[in-house]
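K.L.:
Put the complex together from the two separate chains, hints included.
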Amino acid sequence: MERVKKDSGLLLFLRTVIARAYPRVIGQQREKSWVFFEIFLPMLSVSAYVFVYRAINAPEEYVGFVVMGGAMTAFWMNVLWSMSSQLYWEKETGNLSLYIMAPNSLMAILLGMALGGLFASTLRAIVIVGLGSWMFQVQYAVASFSQLFAVFFLTMVALYGLGMLSASLFLLLSREAWHLSNLAQEPIYLASGFYFPVKNLNFWVAVGASLIPLTMGLDAMRQLVFPSGATLGFLSVRVEIGILCILSVIFLAGARQLLGTMERLAIREGRLTESRR
Amino acid sequence: MSGYAIQTRDLKRIYKIRGGKKAEPKELLALQDVNLEVRSGELFGLLGPNGAGKTTLIKILTTLLAPSSGWARVAGFDVIKEANKVRPRINMVSGGESSGYGLLTVRENLWMFAQFYGLSNAEANRRIKELLEVVGLADRLNTKSSDLSTGLRQKMNIVRGFLTDPDVLFLDEPTLGLDVGASREVRKFIRHWVDESVEARQNNNGEARTLLLTTHYMVEADELCDRVAIINQGRVLACDTPATLKRRLQGEAIYRMEVSPLNGFPVSHFEALQGVNKVVHRPQDGFAALELILAQDDALGAVINAMTTASIHILNLQKREPTLEDVFVDLVGRSMEEVEKEE
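One line per chain: the protein sequences are X and Z, in this order. Residues 1343 to 1619 (the working numbering) make up the first sequence, in order. Residues 13 to 355 (the working numbering) make up the second sequence, in order.
Just so you know, the hints here were simulated from the structure itself, not pulled from any lab data. None of the hints are false.
If you want a taste of the chain Z side facing chain X, the calculated C-beta under 8 Å gives, among others:
hint, residue
1, L76
2, M104
3, Y129
DSBU-like cross-link-like pairs, simulated, lysine-lysine; straight-line CA separation at most 30 Å:
hint, chain 1, residue 1, chain 2, residue 2
4, X, K1348, Z, K93
5, X, K1433, Z, K34
6, Z, K156, X, K1347
7, Z, K38, X, K1433
8, X, K1347, Z, K93
9, X, K1433, X, K1374
10, Z, K28, Z, K353
11, Z, K93, Z, K24
12, Z, K93, Z, K28
13, X, K1348, Z, K156
14, Z, K97, X, K1433
15, X, K1433, Z, K353
16, Z, K93, X, K1433
17, X, K1347, Z, K200
18, X, K1347, Z, K141
19, Z, K156, X, K1374
20, Z, K258, Z, K24
21, X, K1433, X, K1348
22, X, K1347, Z, K97
23, X, K1348, Z, K141
24, Z, K156, Z, K200
25, Z, K258, Z, K200
26, X, K1348, Z, K200
27, Z, K141, X, K1433
28, Z, K141, Z, K97
29, Z, K156, X, K1433
30, X, K1348, Z, K97
31, Z, K24, Z, K97
32, Z, K28, X, K1433
33, Z, K331, Z, K290
34, Z, K24, X, K1433
35, Z, K290, Z, K258
Ranges of calculated distance between the beta carbons of each label pair, as one might list FRET restraints:
hint, chain 1, residue 1, chain 2, residue 2, range
36, X, V1394, Z, I92, 56 to 64 Å
37, X, G1351, Z, Q262, 50 to 58 Å
38, Z, P295, X, E1373, 45 to 53 Å
39, Z, A255, X, A1595, 54 to 62 Å
40, Z, R259, X, L1352, 52 to 60 Å
Remember, predicted model here, so these are calculated numbers, not experimental data. Note that the Cβ used here is the ideal one computed from N, Cα and C, for glycine as well.
Next up, chain Z with everything else stripped away, as it sits in the complex (with noise of 0.2 Å):
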């Protein structure tokens, strides 16, 4: 590998949707001019609402889609003219996938999955076994994948994932559908999973393995990633540590507030006095939860004003610091939820 795990230039990708028998086809803007370069051994993360084009990307990065225009290499190959290439060299698990089949049990589908990409009986058996301890799922080995709930299931399919040793591995969401528990189980394992090549790799013992995780979960991206590539409407609007881009809203001053209900106060409101930058409003049972992206501290007299004449009582204040959820406000200028409910 050229050092580089995935490259992507002017990666574009329009849909055509059929309407009716007579209507024309309308297109669908999915990709637009994506520019990703993710180094070998880094953990990368796609944040961005559903719909975003995360999945898209995905698809094209696997061999199953093709771009409309422009072209993406993994793990050194072009991913339409050497396809063949690339898919020895990957792998997928995408979140609430129900693939298999309920009739075979954990270990048949996983020892299924396992030959389809060459992996010997004893090797297979010996990693199933070794994978399914580490995400707590041994001793459901011989349970049929379809008496399993949608977390265990899951696990099952993350197991297949890292089953076959991918030098670049792809996760659409991959904590879908799991409690918090066995979410960090699984976090923990992804991160474990490229530390230990990086260190290979470090001492001469092997390549490094990549890993891109597509997550609308702000924490989860903030968490495990060594980059992270914000992306809206197909496009990647940001790209760096989470760390960096924290940094940019550091000269602004971040509040939760807990009010009582706004019963239809508009927030456009608070939005146009002097300092405040922006505020997400999440109707929460009994009370609204404010987050105010302010200038400068000095803003929050004239908002804590605006409130008081207006009859809005101030339950919880707290100053935090930025989180990525900050950032994609500051770049879209609306908060996910509201993105996703727009889409």
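The shape of chain X in the complex, shown without the other chains (with noise of 0.2 Å):
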């Protein structure tokens, strides 16, 4: 009788990213309705901002700003309803217990869910930026391409990371987590100047805004792309870079502590990997 070979360690780590971002990939394919929900719908709001600035004869350079921005509402969305309540769900399906209970490090279920996520997010966005770009005849001149990339990875890696830790957040907050990304959704939209720049809110609120990554990346990328960027940017696209880093780091590192925790508490307690008590 010929016993079945298990990989461990790294091998086994990088198998269970990639199986556990494997059902994200797919369900692109397979689950048509985001065209609709999220690009057709997007698409309207990013509409509406452009008639007003249009209207208002702002600078042609908002109609950027707000393209760009809906683009990047696909991955605080993506955070907020398939990152951050997705351990809560996973709970509920008894897939929790099973990932747990599995040789794998919990750390690795979720990058596999961030990773899966991103890249469904990333083709979302893409749709948006070049339907938005068409339509309303926006104009780019990147200031330095290296620079952009930096931007965008590590604005994904802090928001992504922070995806991660309120994941193992909303699961010990438990049912809360529902109103919690319902309760965090359009007040984010606002703070993070999502379709309009961050310099002209308040500089305190601003800041505060700032512990979201896309503010800091919005106000970046949008400063990389347009010509009259860096006039509206709320920090130099530097500082802005170093915050992002720190934000990466604070964020995974905070996830990874608060999953240690709640897998303690949920073994100790018996009650987050079962949804009856």
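P.N.:
Shown next as structure tokens:
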């Protein structure tokens, strides 16, 4: 009788990340409703803001700002609804106990969820940017591709780090997760300046909003792709990159810490892996 | 492994149940002083009504729950201190679970879980095909799991448990929701899976696999298990082979009676008769089924007389061999059904 060979260590970690990312990547192809909910509906908001800006003769860059903000909402929606509340839903379906019982690390599961979500959201964001730029004739002038890539990469690391952290937090708060997601959606659209330069907000409000990595990321990317972006920027791109680096480390380390606490609590209290107590 | 795949010593688990915001949390004793030793290569059954503590015990053994006191070892390792050594060696399937993702096919769901245990793609796909054949689900390989019926979904879950070839497999009510034919197939495979490994160990060709099964189907435990522990209200009341457990009742006479409806006539009236140890009443459509456990055959006369006096007509009378259900009744004083109703 031949026993099955099993990988461990880094190979097991990588296998887990890929396997958990898979449902999100494949779900994109199988559930076509996202085209309506995550492209058509955001495009309506984008269009409304564009018409308002054009009606009041706002600088033409604002149109580009809105298109870019509309594209980035895909990531925030994904972090809020598919990352933060995901462990809660995994508990409800019985997957969470299987994840805890399996020999892999829970960080690998969360990372897989994040990468899968990131892949799916990037496709949505690209479609919104493409469609919005075509519809509203947005002109881009990229100052530095390397900085743009660095800002986007760091924004995603910090943002999905925040998503991983809040996944454990939402699980600990249990049923309140749904309300928390609702509560965080619209205020963040406002505070993070999805449809206008965050500089227009009160300085301290903008500083507070910078805890959400999208605020800094969006502001820096706007500065890098629009000719007059720098004049409308909140902080310099270099400072914003620095802040994004710090946020990435804080959120990823926090996620790891909180995940450990959540697992210990789940095992001690016996509540988090089942919905009946 | 030390010869024991599972060992528990004085295992106790108390749940704190929160009431309202101001109410003090209540304590629920789910397990008390559980001492079990399951040998490697054994198919061991935990038999008890819903709420007896079976699932709590499985959660502790699968590293998902810490005991309040006592200890447990699985595959030779402590389930709390050495959980990372226990986890690669175990797997668990629960009856009625809805794990996995509905938008993935059967193959994709199983592949995903295989990856979590480190199986290579080729090995995972080979085993998925092989095991789906065994449970008769091969033709559903590319069906989305959301399109499966409850029974077929449970078959997929069962395959998930066996897929990773664990040293110790925990099956919590595995045939829940399966039809009679499918249950039989699954039981046959479970028995084969354990026996194959025991045979291999005898030929010095690998470690034996162990399977712990919880069920409240008496026939399942009787038919499948090498040994059975009967558990109620968190305590193990008896632990032995099904044959030995049933031998406890060898001196007693067991009858099944079908009579006209009792219409409120108390069963305790029969139990008060000399030589009647226990009567279990199961109302049926248009008649009542009574299980009588008598100290000896002579007591039957008194029961029949009492029925005649109460104008209860006997429709059918049959003497039968003791079952594990009778053992449970003998140990607890009530049938499993009655215990579940009271809970």
